[in-house]
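Chemist: Chains G and F supply the protein sequences, listed in that same order. Just so you know, the working numbering puts 13 at position 13 of the first sequence, and the rest follows in order with no gaps. Just so you know, the working numbering puts 528 at position 31 of the second sequence, and the rest follows in order with no gaps.
These are calculated hints, taken from the structure and not from any lab test. Among these hints, one or two may not hold up.
Which residues of chain G face chain F? A few of them, derived with a C-beta cut under 7 Å, are [as the list claims (entries may be wrong)]:
| # | residue |
| --- | --- |
| 1 | F149 |
| 2 | L217 |
| 3 | T258 |
| 4 | G263 |
| 5 | A270 |
| 6 | W273 |
| 7 | V322 |
These numbers come from a predicted model, not from an experiment. Note that the Cβ used here is the ideal one computed from N, Cα and C, for glycine as well.
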Amino acid sequence: MSRPGDSKPLIAKTFERAWSSFALLMTAVGWSVGAGNYWRFSWRAANYGGGSFLLSYLIWLIIVAFPLSVAEYAIGKLGRGGPIHGPYNLAERHKKWAAFGGMWMAWADFMIMCYYWVVTGWIFYYMLHAIAGTFFTPGFDASAFWSEFGFTPASLGVGAFMMFLSIIVTALGIKGIGQVARFMFPLLFIFTVGLAIFTVTLPGAEKGLEFYMVPRLEALGDPSTWMQSLSQVIWSIGIAWGFFICAGAWMRRNDDPTLTAFGNVVNDSAVAWMAGTAIIPLIFAISATPFEDIKQAGTGLAFVVLPQLFRKMGAAGHVYAVFFFIAFWFAAFTSLITIHEVALRPLKDFGLKTWQAATITGILAFFCGIPTALSGDWLDYYDTVWGVVGLSLGLVFIALITSYFTDSAKVRRGLADMDVKPFIKLGSWWDIMLKVNIVVPILFFAWWIVYGEWIRGWGAGLHTYYTYPGMIILIIGGFIMYFIVAKSIEKQVGKTG
Amino acid sequence: MVWVVFFIIAWLFVVASFYTWYKAVENEKKIREIEKR
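Looking at chain F on its own, in the form it has when it is part of the complex:
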């Protein structure tokens, strides 16, 4: 039980954190493209 909760929270927090890093980089690429146009 405890390990199930552990891995759910780990996945939620850690993966979501890395995803925000990735999305921020992606967002910047889009902003630069828009600015170029």
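Chain G with its partners taken away, still in its complex shape:
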């Protein structure tokens, strides 16, 4: 059977890896689950509508997350290549734009790496303090502990160490950490179930649970709720970062992308939802002014709340905190390595050695990320431009590549070319969802901007003074990248004939 991407590949590469379906699922989920599930989910959910955020999150899972995760795996599996080569090989028309779409994802991935090392550093610092027992000393003040560390030179130093470790691991191609992470994910999952159960049994937590779980109409009418939950879905699951293109390229013929994509969506969302259940209701259980506390904690919400949660557990909390933070750090660090591997992949594909690509991207990400290590506003800005706008555009590219640059029915047939029955049968509904996803992120983005700027007042929804220059850089950088990618492809096609 002819599969899309069979004709004229840019570089005919076989990435196929000898792993079991379970190992593939655990690795893919291990990539998805990281700092985003605890740090970003609780921060965004608590600040953007609680139950309304959760409801819009669930809707995005169905409309965006599953169809586009499958599409991203399809690009890698059928295109047989990384973020640039996979889309180029799969597309039947506008091949250079398809390659640019992949490059866009790798670029967004790189820009998110610029602040991901900062957050990984925070988790590492908290892990060391969990081991040392700092959270359990008498008179420990979690808010003061966070404000004395977060966004200070100490936080920059610890983050720099994480970036250094990431360069070493990716440059040397150390595989052992990924294998350890495969066992760590189920552990983290079970620890998080335990934390969520503990929180909901605390007196006073029910109020918080109500805020977190019951949608309010007025928040559903606010585009920020929808845009932030959309960005959280793609940020946390890892869609449009280029991860799934790489994983798709590593799949064996009988590996089922619908099972892996569904696994990514439900496992990642389960951890994020349980982390939210552990963190948000706890604030209501321990504070008389929960909304003020949420606002004050800002980006560092999870880091202010988690130590207090372990303290509440009494003597067992110390042991629990140690194991939890070790598993959490592994999850975040393996995600950092994966982000780094995707960011360096285009440089590697265009001829650089692994250690060169790892060092260049690592050092650049460190310098670009220094402001985010020292200022919460800068981190919020990076996260808004890249985490919200950059990734949303990546979604549009995935939908375009699999439904407009090539025929989605052909992609479906290519994915069905297996000896095992697919977990979820893709039908014409999938084709429709792909087409819907070409316009949906753009419409919501437009609503968000118009509402935030015109209706609420200039700068209400965004950090105007620096978000707009960031978006302009994003657009100009995009065009520069397009020409670089197009030229490089012309050269390679020339070489391969």
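For this one, chain G is given, so just place chain F on it according to the hints.
Modeler: Quick look at chain F alone, frame taken from chain G:
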């Protein structure tokens, strides 16, 4: 109300997650059988 929503979501996410773990193991068994043939 809140507890109903809580248990529905818990069931959806947690049970579905464990089910994907089980299906991945089952899938691998089938793939190995096919490869043996």
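Chemist: For each hint, tell me whether it holds in the structure or not.
Modeler: Hints, one by one, checked against the model:
{"no.": "1", "hint": "F149", "verdict": "violated (32 Å)"}
{"no.": "2", "hint": "L217", "verdict": "violated (15 Å)"}
{"no.": "3", "hint": "T258", "verdict": "violated (10 Å)"}
{"no.": "4", "hint": "G263", "verdict": "holds (4 Å)"}
{"no.": "5", "hint": "A270", "verdict": "holds (4 Å)"}
{"no.": "6", "hint": "W273", "verdict": "holds (6 Å)"}
{"no.": "7", "hint": "V322", "verdict": "violated (24 Å)"}
Going through the hint list in order, the structure does not satisfy hints 1, 2, 3, 7.
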